[in-house]
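Student: Chain residues, written in single-letter form:
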Amino acid sequence: MKMPLLALLAKEPAHGYELKSQLEQIFGEAYPAPNIGQIYVTLQRLERDGLVRSQDVVQTTRPNKRVYELTDAGREAVVEWVDKASEGPRVHDGFFMKLALSQLAGTSDRLGLINRQRRHYLAQIRSLSLLATAADRRIPRLLIEGAMLHLQADLDWLQRCQEELV
Amino acid sequence: MIGESDQFLLRAAGLTKTFSGDGVIVRAVRGVDLTLQHGEFAAITGPSGSGKSTLLHLLGGLERPTSGEIWLDGERVEGLSQARWAVLRRRRIGFVFQFFNLVSNMTVADNVELAALMGGASRKQAAARRSELLGELGLAAKADTAPARLSGGEQQRVALARAMANRPALLLADEPTGNLDSTATFSVLRLLARAHADGQAILLVTHDSRVASAADRVISLYDGMVADDAPMRAAAPQPAEAREMPLPRVLRLRG
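Chains A and B are the protein sequences, given in the same order. One gets the numbering used here by counting positions in the first sequence from 1 and adding 1402 to each. One gets the numbering used here by counting positions in the second sequence from 1 and adding 103 to each.
Calculated from the structure, these hints are not laboratory results. Positions of the beta carbon are idealized from the N, C-alpha and C atoms, including for glycine. Hints should not be assumed to be uniformly reliable.
Stated by the list, open to error - On the chain A side, residues computed to face chain B include the following (Cβ under 8 Å):
hint : residue
1    : L1513
2    : Q1554
3    : Q1561
Said to hold, decoys possible - What follows is a list of derived Cβ distance ranges for each label pair:
hint : chain 1 : residue 1 : chain 2 : residue 2 : range
4    : A       : R1518     : B       : R193      : 39 to 45 Å
5    : A       : R1562     : B       : R130      : 19 to 25 Å
6    : A       : Q1554     : B       : V129      : 25 to 31 Å
7    : A       : G1508     : B       : R194      : 53 to 59 Å
8    : B       : M221      : A       : R1518     : 43 to 49 Å
Said to hold, decoys possible - Just so you have them, the derived chain A footprint on chain B, three or more residues with Cβ under 8 Å:
hint : segment
9    : 307–317
10   : 321–334
Build out the structure end to end from the sequences listed, making use of the hints.
Tutor: The following block contains the structure:
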């Protein structure tokens, strides 16, 4: 959550709720509604690390609000983040550990494991297809499509596991 | 026996198919039991060479099984003559071939209308059905074109329109989105969903998991046998509910 918040603050100073609604607006259907508590905790950490600074803005009819802005170090961090290539997705090693070690754990039903995982991925793709139908904006739709392509690759890989291990 | 099977639209028991030639024996289908209810939508997936297409050809009467039984609506059909199978495919089973098999010297419109006419529609009904199907598949402008002038994806959609022309009780489709980009895949899925909602049963072979996940049921074939037969969530949740469903973690922002 850190970098997206810094990136939003690079545009203009904002308070927690503004950041939350901007995230919702940009990522829409593709992004689980961010929790305001999480946002505040993250902002506090960013402030502790010297990447943002904050000040209270006095409001007459409502409680004061705390507005955050980037420090120079924060701005540098954003530039560095944007310029750097991102990590590729890693395999779902949780599942692979189960598959590889299932015999040691006393169950040898690898086909059962693979089948359950396949059903799970297919159900996720089904949910994402429904989300994609509802997503009328480009950014959320692309994010959903990306997730579906990852799941397609996971299914192909599951097939490979079945060929080699079952 | 008949009483037991006729609650199903389609039932296969102990189905096998062995090909032999040049001294090589290939056991493409090795004992498949399968039932399909009226109006059910099922997808068959599996790696290439797992017997998906062969199984579909057996169920559509395009190949004769080496052993096993096939029942269609309570009637034993695996031993029928080719002519009787051809009648079944005109009236009750729509078949979409992986490589289209369109009639090359007829226009797109005539390919689709011919199927409706052979299924017993009047000329007027056939024309109306053709125009509806080509419209839904985004091919209205290609009606007077020869199939050879179409792209692979367009030919594939014409093949689907032809198979659906007389609203068969059972649609068998071999990779109906194999040559399509995502927009065309979406229009095919929409058409299949509508046919399914109208009570048509659909059994399709696909390697595209988006297509498979649209079905009520996914049958995984491996090495000529059923490795898994899994019901998908029956009711499609509304988008508002879908939003609350747990999302795969690729959707969580990193950083």
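Student: It remains to establish, for every hint, whether it holds in the given structure.
Tutor: Now the hints, each set against the structure:
Given hint, A/L1513 at the interface with chain B, holds; its Cβ is 6 Å from that chain's nearest Cβ, closer than 8 Å. This hint holds: A/Q1554 has a C-beta 5 Å from the nearest C-beta of chain B, less than the 8 Å allowed. Interface restraint check: A/Q1561 against chain B, minimum CB-CB distance 5 Å, threshold 8 Å, status holds. In this structure the hint that A/R1518 and B/R193 lie 39 to 45 Å apart at CB holds, the actual value being about 42 Å.
The supplied range of 19 to 25 Å is met by A/R1562 and B/R130, whose beta-carbon atoms lie about 22 Å from each other. Under the hint 25 to 31 Å, the C-beta atoms of A/Q1554 and B/V129, about 28 Å apart, fit the expected range. Taken as a hint, the range 53 to 59 Å holds for the pair A/G1508 and B/R194, whose Cβ atoms sit roughly 54 Å apart. Between B/M221 and A/R1518 the Cβ separation comes to about 45 Å, which falls inside the hinted range of 43 to 49 Å.
Judged by the Cβ-Cβ criterion of 8 Å, the segment 307–317 of chain B is covered by chain A as claimed, because 6 of its residues qualify and three suffice. Here the segment 321–334 of chain B counts 6 residues with a CB under 8 Å from a CB of chain A, which clears the bar of 3, and the coverage holds.
Every hint, counting from the list given before, is met by this structure.
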